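In this text, residue positions in the sequence shown follow the working numbering: the first is 29, and each later residue adds one.
By construction, these hints were calculated from the structure, which means they are not laboratory data.
Values in this document were obtained by computation on a predicted structure and should not be read as measured data.
Hints are not guaranteed to be accurate.
As the list claims (entries may be wrong) - Straight-line C-alpha distance at most 25 Å; calculated PhoX-like pairs for lysine-lysine:
| # | residue 1 | residue 2 |
| --- | --- | --- |
| 1 | K152 | K129 |
| 2 | K72 | K99 |
| 3 | K99 | K152 |
| 4 | K129 | K72 |
| 5 | K99 | K129 |
| 6 | K72 | K152 |
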Amino acid sequence: MVMAMKLAIAAAAIASVTPMHNANVAPDATSSCAANQVCMYSDKGFTGQIYHLVGGNQDADLRNNPCSGCKSSTDSGSNNTWNDMVSSIYNRTGESYCFYKDSSFRPVGDPIVVVNANGTRDLKGDPANDQITSVRPC
29 MVMAMKLAIA AAAIASVTPM HNANVAPDAT SSCAANQVCM YSDKGFTGQI
79 YHLVGGNQDA DLRNNPCSGC KSSTDSGSNN TWNDMVSSIY NRTGESYCFY
129 KDSSFRPVGD PIVVVNANGT RDLKGDPAND QITSVRPC
């Protein structure tokens, strides 16, 4: 009886610390990124400002999208735009998305990051951090 009680207490303790969200994504990211969107965050760990790209055939040139107060760690000329600003990505669409270093999806056929359908990517420590300029479905 004592052993059964100890097992029940241990099971309850484990259940109380089991995360309710995808372990790869910060809990606030799951609430800030709606289904059928690709969400790009200005900071690591799915934090900071968020750029929402609606899924489907939409492409994005991040140079043309404002990000008030954003400061790039790689290109000060990109400050206050989403160009060279992305540090983490949450893809809540049903298709893979490709992320390119240059505008017009260059280099052609060679994205620096691919995030699969319903996948995530934290670029902390990755050479692609603060390097993305254009985005489209793969």
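**Q.** Index of numbered hints that the structure contradicts, given in increasing order
**A.** none
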